[in-house]
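Asker: Given next are the chains, with one letter for each unit.
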Amino acid sequence: MAVLIDKSTKVIVQGMTGKQGSFHARSMIEYGTQVVAGVTPGKGGQEVLGVPIYDTMKEAVDATQATASVVFIPAPFVYSAALEAIDSGVELLTIITEGVPVRDTARIRRRVYEQNITLVGPNCPGIITPGEAKIGIIPGAICTKGNVGIVSRSGTLTYEIIQNLTLSGYGQSTCIGLGGDPVRGIDFKESLRLFEQDPETKHIVLVGEIGGTGEQEAAQLVKEEISKPVYGFIAGNGTWVKPGKQMGHAGAIVHGKSGTAQEKLRILNEAGILTAHTPSEIPNIIKENM
Amino acid sequence: MSMLYEFEGKLLFKDSKIPIPRIKIYTDTESIKQFAEEIGRDTMMAKGQALAGGRGKAGLIKKVTIDTAEEYIKSIIGREHKGKPVAAVMLEELVEITKEYYLALMLDNKSGSYLMLASTMGGIDIEDVADNHPSEIHRTLLPINIDPQTYHFMELGKKMGFKAKTLTQFASICVKMFLMAIKHDLTLIEINPLVITPDDKLIAADSKVVIDGNSYFRQPAIAALQSQRDQHTELEYEATQAGISYVQLDGDIGIIAGGAGLSMTTCDLLEFYGSSPANFLDVGGGANDEKVYKALELLSKMDIKGICVNFFAGITRCDDVANGIISANKKLNINVPLVIRMIGTKDVEGIKILEENEIHAYTKMEPSVQKIVELVKGGN
Chain C
1 MAVLIDKSTK VIVQGMTGKQ GSFHARSMIE YGTQVVAGVT PGKGGQEVLG VPIYDTMKEA
61 VDATQATASV VFIPAPFVYS AALEAIDSGV ELLTIITEGV PVRDTARIRR RVYEQNITLV
121 GPNCPGIITP GEAKIGIIPG AICTKGNVGI VSRSGTLTYE IIQNLTLSGY GQSTCIGLGG
181 DPVRGIDFKE SLRLFEQDPE TKHIVLVGEI GGTGEQEAAQ LVKEEISKPV YGFIAGNGTW
241 VKPGKQMGHA GAIVHGKSGT AQEKLRILNE AGILTAHTPS EIPNIIKENM
Chain U
1 MSMLYEFEGK LLFKDSKIPI PRIKIYTDTE SIKQFAEEIG RDTMMAKGQA LAGGRGKAGL
61 IKKVTIDTAE EYIKSIIGRE HKGKPVAAVM LEELVEITKE YYLALMLDNK SGSYLMLAST
121 MGGIDIEDVA DNHPSEIHRT LLPINIDPQT YHFMELGKKM GFKAKTLTQF ASICVKMFLM
181 AIKHDLTLIE INPLVITPDD KLIAADSKVV IDGNSYFRQP AIAALQSQRD QHTELEYEAT
241 QAGISYVQLD GDIGIIAGGA GLSMTTCDLL EFYGSSPANF LDVGGGANDE KVYKALELLS
301 KMDIKGICVN FFAGITRCDD VANGIISANK KLNINVPLVI RMIGTKDVEG IKILEENEIH
361 AYTKMEPSVQ KIVELVKGGN
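Protein chains in written order, with the working numbering: chain C, 1 to 290; chain U, 1 to 380.
If you are wondering where the hints come from, they were derived from the structure by calculation, not from laboratory data. Since we're looking at a predicted model, the values are computed, not measured. Treat each hint with caution, since some may be false.
[What the hints assert, rightly or not] Only part of the chain U face toward chain C is listed, based on derived beta-carbon distances under 7 Å: (1) Asp15; (2) Asn145; (3) Asp212; (4) Tyr216; (5) Phe217; (6) Ala221; (7) Cys267.
Ideal placement from N, C-alpha and C gives every residue a C-beta, glycine not left out.
Turn these sequences into a full structure, and let the hints steer you where they fit.
Answerer: Have a look at this one:
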């Protein structure tokens with residue numbers, strides 16, 4: 001089934017009556033995702049795209065037995081929406097919204113850990129299992145079913161890499177967008193473990209960027225637990241990067257040596273992970289390694 | 001991630017009942033006299049306010065008298081310190097110091113918890129202490145949803161060597177720092193040094209405070225502080241107001257990209273192919289033609305040799321991007337080579353719009369970046 005989602009996953013869209021929510025719910029449905037309900041407080045009883053809208057997450061879960069929810073709600077209201085999702089009993093919570101205060105995310109993450117729920121995001125493009133289902137905003141048209149698992153901190157850069165792989169004949173098992181925030185739900189480590197256990201995944205591509213130490217922890221895990229070949233790409237590998245300056249993503253900021261792309265690449269290479277200089281090189285290094 | 005001036009941080013300390021020395025912002029000669037009267041002394045500290053560390057070493061902090069203060073202040077105000085202006089000078093009463101400590105509270109990204117750091121080696125760079133005397137840094141990790149009480153910090157205070165009244169003072173300052181961090185969405189509160197006076201009072205002699213920029217919507221008072229405007233260069237500020245992520249860099253080629261990762265990769269590729277980026281620019285997801293126009297307007301104000309546009313459109317539409325480029329090309333004076341790459345949502349339509357205006361568009365990233373480097377190096 002690849003990882004996290006497949007065509008049997010029932011999904012609730014929180015904020016489905018909004019502009020973003022309805023737009024992306026449509027594209028998720030067109031891709032084949034089972035979007036079984038939407039939730040917007042005060043709009044219960046309506047229908048959007050033929051999908052029933054409920055006032056609360058609990059009503060939506062009770063009526064549909066959905067196990068996943070995706071949040072398309074403005075940042076100031078994400079904390080409350082996420083807590084409601086956690087309390088409703090879903091197992092997978094994906095937050096697409098950008099600009100969520102880090103304290104809110106940290107509090108959401110704590111609750112998620114306590115209740116053994118998987119959180120993806122915030123500030124992320126979501127998850128896609130090509131040919132089966134997608135949660136979030138990754139364009140379905142660039143993906144094709146295959147056996148490369150992708151885990152990335154970026155959005156459009158991930159699309160770039162997916163497309164390079166697709167055009168070179170490497171389909172994807174599942175692509176996971178971790179998000180660009182400094183505090184996030186699942187990270188590289190958990191994603192690598194999922195791909196390691198997944199029979200459909202034969203290769204893993206890890207797309208990192210400057211800031212934080214998620215890539216270094218992933219490298220350590222690769223040494224200890226991962227038997228499948230892992231390939232890496234790190235954005236921000238130039239001399240142009242200014243320490244202390246945030247490069248778009250709230251998490252993309254270098255403090256000291258450990259957050260630099262050079263250091264991350266060094267540690268990935270040390271763990272035996274082949275790394276590419278450009279996105280178009282990734283299919284080539286997979287091919288050479290086969 | 002946005003730093004406050006020392007004086008702004010200290011005013012927050014005061015609001016939170018964390019003890020600070022008496023302070024006043026210099027405005028004119030009269031303000032020096034008034035302050036001297038207020039503290040009952042002719043000698044005081046003058047501290048240049050800049051959004052970068054190492055001010056002491058750079059000579060921006062000095063003991064002055066009522067007679068020498070103004071000359072010194074005028075010599076440092078407006079001076080550049082690590083690329084940041086000395087925007088103001090704060091007058092501060094002299095504090096008698098028995099010993100200096102280090103105390104900081106931060107939101108630790110990795111654990112998603114609050115981390116309290118304390119050291120008996122205060123007044124020096126904490127990274128130096130971490131490198132050379134790691135055992136001198138004491139840590140307490142506390143859950144993000146903590147309801148802080150003094151007992152949480154007694155053990156930390158004891159490790160620092162505090163006893164009796166100073167121990168309870170210390171724990172109480174820790175609690176106040178927590179309440180302040182929670183109230184104002186702060187990701188870092190650093191007091192270096194926290195000093196103890198001969199009469200056993202703990203006082204915050206410096207402040208470094210960082211706020212989470214994502215929380216501006218519920219922290220309007222902090223969002224309006226002078227430091228939050230001064231974080232940015234003029235162009236960076238203009239970009240922020242337009243909802244564009246922009247960082248000024250030192251290279252030759254201006255870039256516009258959709259998405260932070262792709263924007264960084266575009267900068268990397270410019271270097272990889274032998275040139276350098278003049279900026280980082282992410283117009284953000286779902287950018288419309290107006291935002292693309294605005295981005296080109298920003299670049300038109302820069303001294304650059306070429307422009308590289310790179311979009312992999314997901315929720316953005318290439319026809320919007322193309323329309324933004326066309327109108328910018330008509331209205332703005334863009335007289336440097338422009339190379340465009342676009343693919344994804346509505347790319348056929350976008351490329352058609354550009355071609356109708358005799359602008360070529362690439363669909364692949366690497367060749368487009370190579371092309372702009374070649375054009376710029378060729379001197380066209």
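Asker: Would you mind marking each hint as holding or not holding in the structure?
Answerer: Right, here's what the structure says about each hint:
Violation of the interface hint for Asp15 of chain U is found here, the shortest Cβ-Cβ separation to chain C being roughly 19 Å, above the 7 Å cut-off. Given hint, Asn145 of chain U at the interface with chain C, holds; its Cβ is 6 Å from that chain's nearest Cβ, closer than 7 Å. For Asp212 of chain U, the interface hint holds, the least distance from its beta-carbon to any beta-carbon of chain C being 5 Å, beneath 7 Å. Proximity of Tyr216 of chain U to chain C is violated relative to the hint, the smallest CB-CB distance being about 9 Å (cut-off 7 Å).
The interface hint given for Phe217 of chain U holds, since its Cβ lies 6 Å from the closest Cβ of chain C, which is under the 7 Å cut-off. Checking Ala221 of chain U against chain C by beta carbon gives a least distance of about 16 Å; that is not within 7 Å, so the hint is violated. Hint status for Cys267 of chain U relative to chain C: holds, with the closest Cβ pair at about 5 Å, below 7 Å.
In the structure shown, a violation is registered for the earlier hints numbered 1, 4 and 6, in ascending order.
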